[in-house]
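> Residues per chain, in single letters:
There are 2 protein chains.
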Amino acid sequence: MSRRTGLHALTRSMHEKRVLTALRTGGAMSRAALAERVGLSRTTVSEITGDLLARGAIIVAETDAAVRVGSGRPAERLCLDPSSGQFLGVDFGHRRVQVAVADAAHEIIAGGVSRYADGTPWDERLEIAFALTERLARETGTHLGALQAVGIGVPGPYIGNQPGVPEISWNRRLAPKGIDTAFAERFGAAVIVDNNTRFAALAEAISHETAVSDLVYVRLSDGVGGGLVVAGRLVTGGRGFAGELGHVTADPNGTNCRCGKRGCLETVASTPAILRACRERGAAVGSLDDLAERVAGRDPAVEAVLRDVGATLGRVLGATAMVLNPDEVVIGGEIVHVAPVIVEQAAATLRFELFSIPASEPVVVRAGQLRDSDGAVGAIAALFHQSPLLAGYAEATTPAGSGPSHRRSTS
Amino acid sequence: MSRRTGLHALTRSMHEKRVLTALRTGGAMSRAALAERVGLSRTTVSEITGDLLARGAIIVAETDAAVRVGSGRPAERLCLDPSSGQFLGVDFGHRRVQVAVADAAHEIIAGGVSRYADGTPWDERLEIAFALTERLARETGTHLGALQAVGIGVPGPYIGNQPGVPEISWNRRLAPKGIDTAFAERFGAAVIVDNNTRFAALAEAISHETAVSDLVYVRLSDGVGGGLVVAGRLVTGGRGFAGELGHVTADPNGTNCRCGKRGCLETVASTPAILRACRERGAAVGSLDDLAERVAGRDPAVEAVLRDVGATLGRVLGATAMVLNPDEVVIGGEIVHVAPVIVEQAAATLRFELFSIPASEPVVVRAGQLRDSDGAVGAIAALFHQSPLLAGYAEATTPAGSGPSHRRSTS
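Taken in order, these protein sequences are the chains called A and B.
Here my numbering is used: the first residue of the first sequence is -6, the next is one more, and so on.
Here my numbering is used: the first residue of the second sequence is -6, the next is one more, and so on.
If we strip away everything but chain A, and leave its shape as in the complex, we get (with noise of 0.2 angstroms):
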């Protein structure tokens, strides 16, 4: 496929996009079919498909033989590849990749996980995030060249392709710039980039049969981050950075954290803030699995270092319900799963923040439904629900100047 550039290049991938609609929403049909229903000439369409037939994106499924009363070479059939991937969610960790597909009927059809050091260079992470992408494309005979959109969540703000935002000093593990771009010219696809704490917390919202308009999401991993929708709409705040309750204060005479406050959420209620607490109160807890152990043997020491990281994380959700008044607050993190006393004590404490409001209007305190390793779930969340859920959000990156660079699968 030649490169294009400019209005052709647009004018195409619209064509594309109306026919591969068709095709969904229509099932198998001739190209003769496919032309009078997409309004395009029959050798428009031929050039199209025949695009589409290469980069795998639609197969012939029959031909019209069978059922065919005239004379003549049959007609083919074509239809969607029901391998086909179609959306791809992308979630960044700071050690790992994890990748998910989606197929056109929003199902998740493949998904894994690549890891790296932390301290990974980004360009690095790019390439085993590709790399990751198009090893299960090939193990599930998933073909990438129809992919719809990519939906990619990185740790802490993304800053986008805003001019003159900077770089976070002290963050130096955030996403650069860029990735959007890099995405899309590897795919072909459009690209929503934003922090992945975000998304996961738009999946919450969504994750219910009725979405929930007004949730306050907050997660317990390495850093603890935050996600607010508000009236159904994700909140990037005026500057991109809402949802920062990691670095709310918890206690101005807490520890050191490392934005250069003290006692920031994050220095109390992170995964390794909690064990280290129950470290220092004598309990042998170095990792997740012995929080756990811990937790099931009743180790006082330990409930109440849990309890106390409850009470911490109810007030500090406490006055931001107070003040946005959620139907919803959702504490997500592995480690709520391992100790879901963090949960019980947070919603006791916030519920008392929140006396003032009538007792016949409780918000739901509950724990995340998505675990860490659905990351990629709620990026690809993020796109199924870009409308209504995303209406007024950053428009999404899609393929630049060029036409799309297709990479084909190896399969």
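Some clues are possibly wrong.
No copy labels: a pair is met if it fits in one copy or bridges any two.
Stated by the list, open to error - Derived lysine to any residue pairs resembling SDA-like cross-links, with alpha carbons at most 20 angstroms apart:
| id | residue 1 | residue 2 |
| --- | --- | --- |
| 1 | Lys170 | Pro114 |
| 2 | Lys254 | Pro351 |
| 3 | Lys254 | Arg344 |
| 4 | Lys170 | Phe123 |
It should be emphasised that the hints constitute simulated quantities derived from the structure, not laboratory data.
Mind docking chain B on chain A? Use the hints.
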């Protein structure tokens, strides 16, 4: 004017609106020109304009005798009464109601205040507001017949006409349900009712040439209230209680709050609390005027109290700003004009709380531009900016079932 029901009333009301809009945008014109412009029959237009003339919404500007070439009776040219009150803003406080009237050009053309005893029942307050409105109309020659909309600010959360939402037991002075209907029926206009602090937040957000899309507003008054604008919209929260900054716990070991908790921001930063703290430090301060004197005289005890208040306020606002990442934080209430050091100290503390946000992205912290006496203006601002700032906001209550039962102003 006879009372009409159902569809007929609705149709009539829509026709009226079209006629008024045509006159507002097109200036004076004859009934024939009007009929052509709004696409209604001359008979219908004559009926509608007859009604509007009787109600004082429109007037006869002139006849076209001067410009007329042919023969016959000169046609009357109609126009909006230039003194017509088009928008009504009402702000109920605990001890007074303010009313402001804005004309079609959004200029405030009349305003006034009536006082009542604290604890005055709401039905009496409504009658006082109606009487004030009609007196203002009389004094200024304003006709209330062409009111387009009424914005009403009330203290505390307004639970409106949502079924099943309970009263808040600790706050007996809350506005009861049905205020919207009462005004809609009295003036035959659409009505929006909400917490007056929320309206003030909106008014502050649009007080610049370019509206601020993310703003946190707190008002220090008899109590402490707040309002949020997120992504250009007023935030109501899941159940309508968003913005309750006054009952965020500022000091868990603080003094008792009327809500049942201890150390809510209101117990520290409300005007009575601040005056009380000054007295506890030996400064005989009984009123804002006394406070102004002490501030002018640089009383060190008073300065210390005000700085403590500012620091506490800054911590609470800092936590909120960390989560919401607003462009502006606005501190309103008469006291911040008397004691600007509160804002100065709050800004300093808040900036430290936001330490982890890049310093190149500073949030603006400022005193509110609207004075307490501008409450009704805030309610009107909400009407003017119903779109897009109120997009998705609760629907305005329109006059019920029967057609508008207009009260003629007695001018």
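> Against which earlier hints does the structure fall short, listed by number upward?
Checked against the structure, no hint fails, so every one of them is satisfied.
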